[in-house]
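Participant: Now for the letters of each chain:
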Amino acid sequence: MGNKSGNATALTVLSPIVNGIVDGQSFADITRERCLRIPIHEKSPLAKVPNTYLARLFILDNVFYESLPGSDSVFNFSEITSILSDSARKKALPRKDQLKSKYLVFSSNFHGDLDEYLTGMWEKWSFDDHGQQRDVRYIWEHCVSFEGVKDCAGFISYIKRCQLEATLFFNGSTDDSLQEQLKALYLKQEFSKFAAEHQGKSAADLQRAFKTFIERVQPENLSQPSWNPGQSTL
Amino acid sequence: MTQNLDLTDIQGNIVKAYGSFGFFKARYLFLRIDDGDKGRGFVNRITTKVTSAERWEKDAAPSVTTNIAFTYSGLQALELPTASLIGFPSDFVMGMSKRKDILGDDGPSDPKNWDKIWQETVHIWISINGKSMKDIEERYQWVTQQIEASGCGVILLKGHRGEDEAGNPRDDLPYQDASVLYDEKGIPTAKEHFGYTDGISDPVFEGQTNNAARVLGRGKLTREGGWEPLATGEFILGHIDEAMEYPQTAPRPDLLSRNATYMVYRKLHENVGTFNKYLDEQAEIFPGGKENKELLAAKFSGRWRDNGAPLVNTPDNESKAEWDKKFAAADFSTQKRMLTDFSYNDDIDGAKCPSSAHMRRINPRGSLEYGVKDAFDTPGALVNRRRILRRGLPYGKVNDATSDKGNHGIIFMALNADIKRQFEFVQQQWINYANDFKEGNDKDVLLGNHDEKNPGKVVLKVERNSGKPPHFVCNIPRLVETRGGDYFFIPSITALKMIAGGIIDPT
Amino acid sequence: MSNIAGKAYAMNVITPMRWYKVWLNRLIFWAAQKVPNVLNGLLTLSLIHYARWVIIPRDKFPRLDPSQPKEDLEYSYMMFFSNFNGSWAQYVDSFTFAIPSGLDLFWKMNVRYPKSVPLTPFHDYIQHNQIDTSHYYNAYPMAASNDVKSAKTVKKALIDFNAASSNKTPEEFLEDYNKLLNQLQHDFGEMRPTPIVSLAAQAVKERYMESHAGTR
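As given, the protein sequences belong to chains B, X and Z, one line each in that order. When we follow the working numbering, the leftmost residue of the first sequence carries the number 4, and every step to the right adds one. When we follow the working numbering, the leftmost residue of the second sequence carries the number 535, and every step to the right adds one. When we follow the working numbering, the leftmost residue of the third sequence carries the number 766, and every step to the right adds one.
Hints are not guaranteed to be accurate.
What the hints assert, rightly or not - Only pairs whose alpha carbons sit at most 27 Å apart, straight line, appear in this in silico DSS-like list of lysine-lysine:
hint : chain 1 : residue 1 : chain 2 : residue 2
1    : B       : Lys103    : B       : Lys127
2    : X       : Lys646    : X       : Lys692
3    : X       : Lys987    : X       : Lys939
4    : X       : Lys811    : B       : Lys196
5    : X       : Lys1002   : X       : Lys583
6    : B       : Lys196    : Z       : Lys933
7    : X       : Lys811    : X       : Lys860
8    : X       : Lys1002   : B       : Lys214
9    : B       : Lys46     : Z       : Lys917
10   : B       : Lys153    : Z       : Lys835
11   : X       : Lys668    : X       : Lys827
12   : Z       : Lys933    : X       : Lys907
13   : X       : Lys646    : X       : Lys972
14   : B       : Lys51     : Z       : Lys914
15   : X       : Lys592    : X       : Lys668
16   : X       : Lys824    : X       : Lys859
17   : X       : Lys1002   : Z       : Lys825
18   : B       : Lys7      : Z       : Lys944
19   : Z       : Lys835    : X       : Lys907
20   : X       : Lys972    : Z       : Lys944
21   : X       : Lys725    : X       : Lys972
22   : Z       : Lys944    : B       : Lys196
23   : X       : Lys719    : X       : Lys583
What the hints assert, rightly or not - Derived list of chain Z stretches under chain B, where covered just means 3 residues or more per stretch with a C-beta under 8 Å from a C-beta of chain B:
hint : segment
24   : 844 to 852
25   : 962 to 968
Rather than coming from a laboratory, the hints here were simulated on the basis of the structure. Ideal placement from N, C-alpha and C gives every residue a C-beta, glycine not left out.
When you get a sec, could you build the whole thing from the sequences and use the hints?
Facilitator: This is how it looks when you write it as structure tokens:
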């Protein structure tokens, strides 16, 4: 499975946006503006969606035309035949592609099962937009056929229809649950401080201090004390 | 060597570290151009005395040198065409003070605390390096005559902090003097005010030397463990660089940028009192205690203070004593080699020379491959594009080694083809941050911008599986403060003449 | 709002490839996963949290309703998503010099891919085909990928040590504790907010912080 690396999962979603205009603004631009206004770090709605490592939203407006000079690095038929005729030469030039829809792209790296993750998105996604609380529907509102999404099951099946398979998913980190990762980061930071502060202490003092330390940081309690998802300052 | 440099066209300070040619004194002047035409006339006259990189036959070296460089606004004032000006990179256009967030120039290093001269608009930098103060003084008088002759077209800016001849503190000096430090016997040394030996292994690039021995430990590390000179284009525009292309930081036309480079000028005050106190305190809790104070000082920099012995080959007092014996008995070229020819391949953990040591931070050699053989295209893949030529000298005197007060430090000058990719990268990613060294945000002990709110900390590693704990060095104070500086463009002599003649045409 | 979230940078690159080469590229990616050495350089660089390549055959852009116009494309497309530590230039430079052959391998099949060395055509190619991110979320803005991995090591070692040391005498405890520190000596780097790698991104963030300071 291309979307999995152990328990780490890659979710790639391309949701077509309805071609249309309301109040002089296209649905694609409305959607982009909504994405741009999402608060960052700990206030991002994604901080509330369980097990999100890193995720992003953007609008794919079009594909790019490769007008750059040069040729493919790997053998391409028309470049050989182009020696023989001018029409073949023209064929070898890059073509111009145009997308007929704009796409909302959602790319997430998370821990665990897709259905559970999407349930979390449906249930937990919320953020404050100029004083109004918005859920996940606010972002997908103008996507094709999204009006048919009425409940969590509908959302899951909608997203799966928009999902693309990763050809290669590279995990340069861990595939632990986010709680596990955040607790580990908290412990790393706290233990580094402890070790530095207790350098050179006597055996008995150290043993006592370590015991207090463990009681405070509770290494096996994943929920607390720990870092919060999206926490950007100490 | 495959590359022949146009030594008569390249300014001498790019290829030569004047200090190692017996020029122990320097004076730096900063000027403003108030009139383009008169400014060009001034540049024309200075150019007649600009020192090139031409090789000096034995005993034929001059007694004084002169070099010149410009800020971006200086080139604007000299009325370079817009089509040329837009070719300069944004870091150079912005200048050093506006890059403070990238460089970590905060708190006492913030531009608002710099010498008064940096509140002015600086256009021109002129350096005079001399074998004696008399030589400097004579050339300085000549330069001031040219300033006068410019008829107010060019102004010498005042506002350097320092001491006047009577030893009184001043903040309005018209120049910045610098000098090597002398030992008790009056012999010139390569030391700076913290007592470290400085500037030992400057990079070597193609065309700079025919002496293969000089490349050892100073060029780029090869897969086989040997050394090759770095590509010329890492340090001089208009030549191929390590990316197999001409540097992208070159403005048009070609004759404006060929054989030129960029210079970072930084006045770095050294908090000698704080350093001495901190080192003494830390030595008390360092394994081995006060006996190992010099070892601890070496752990901060990567070299022993007394003779610059590289810590990676002399990790303890015994090996150091042995090294010293060999060093004393060795001839000059062997000594050079002992100082520069080493790598960290047998010390990936940093148990000998810590990865937080200043020398390892600014040039990790092949160690960022972490001993994973052939992981990268070449062992120096992450290093070869981050090298800088270091020029410069100490300034000021330490009258009271227990105090930070007074004016003493280093005039640091870094030369590179791309300030952002080379100098700024090293300053930001390797001195003030350490992800590449897997040390989080732990900074370079000596140069890091530590402060009371964020006191520095580094971990001095020990031998793996030795059962011994690493040593934590904590509460590191700010040891070095920036007192001023800017980014300069050092043109070739051809370009100087064209700038002076007003004939730069990028069409 | 930005391509930067703490210590991570979000890169999105979309490049065309001839439809009949799609299978070849899939084969290359498959091989890359099977032959460990290919990813060795990537792992040693250790600048990536997660990255992925997604090939979209030209007839496979999601179409959800007959009312949605059918795409009619000449090329298939490859999308690359990366979550890396450091600045754009640093990342592209590091990859170019550390693993040029790996980069060439992954993008070989793309139309007019210039190869990774020399650098500038490659820089331009990536920049030309890059799409900015509108919202980027990072669960640990103060941690680099190195830190997440190192934290896992610390957590496990700490729990193991704690379990094993509960009934030790102080002297035995100290000996084991020193061994623990030795074992973890590469894992004590302090995590703080990222250094500023882009003045423009920093300015945007400061304006954002100001405008949101009063509201919550």
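Participant: Does Z/Lys933 sit within 27 Å of B/Lys196, going by the straight-line distance between their CA atoms?
Facilitator: holds (23 Å)
Participant: Do the alpha carbons of Z/Lys835 and X/Lys907 lie within 27 Å of each other, as the hint requires?
Facilitator: violated (50 Å)
Participant: Hint check: X/Lys987 vs X/Lys939, CA-CA at most 27 Å. Holds or violated?
Facilitator: With a Cα-Cα distance of about 22 Å, the restraint between X/Lys987 and X/Lys939 holds, given a limit of 27 Å.
Participant: Taking only the CA atoms, is the gap from B/Lys153 to Z/Lys835 under or equal to 27 Å?
Facilitator: The hint holds at about 26 Å.
Participant: Taking 8 Å as the Cβ threshold, is the statement that the segment 962 to 968 of chain Z is covered by chain B upheld or broken by the three-residue rule?
Facilitator: It is violated: at least three residues are needed, and the segment 962 to 968 of chain Z offers just 0 whose Cβ sits closer than 8 Å to chain B.
Participant: Need the status of pair X/Lys811, X/Lys860: alpha-carbon distance at most 27 Å?
Facilitator: violated (33 Å)
Participant: Does the structure keep Z/Lys944 and B/Lys196 at a Cα separation of 27 Å or less?
Facilitator: holds (17 Å)
Participant: Just to be careful, I want the Cα atoms of X/Lys811 and B/Lys196 compared with a cutoff of 27 Å; is the pair within it?
Facilitator: holds (23 Å)
Participant: Run the distance test for B/Lys51 versus Z/Lys914: straight-line Cα separation, threshold 27 Å.
Facilitator: Satisfied, since the Cα-Cα distance of roughly 23 Å is no more than 27 Å.
Participant: Decide if the proposed pair is consistent with the structure: X/Lys1002 and B/Lys214, CA atoms, cutoff 27 Å inclusive.
Facilitator: holds (21 Å)
Participant: Check the hint pairing X/Lys646 with X/Lys692 against an upper bound of 27 Å on the C-alpha distance.
Facilitator: holds (17 Å)
Participant: Between X/Lys972 and Z/Lys944, does the CA-CA distance stay at or below 27 Å?
Facilitator: Roughly 20 Å between the alpha carbons, so the hint for X/Lys972 and Z/Lys944 holds.
Comparing the model with each numbered hint stated earlier shows that hints 1, 5, 7, 11, 12, 13, 17, 18, 19, 21, 23 and 25 do not hold.
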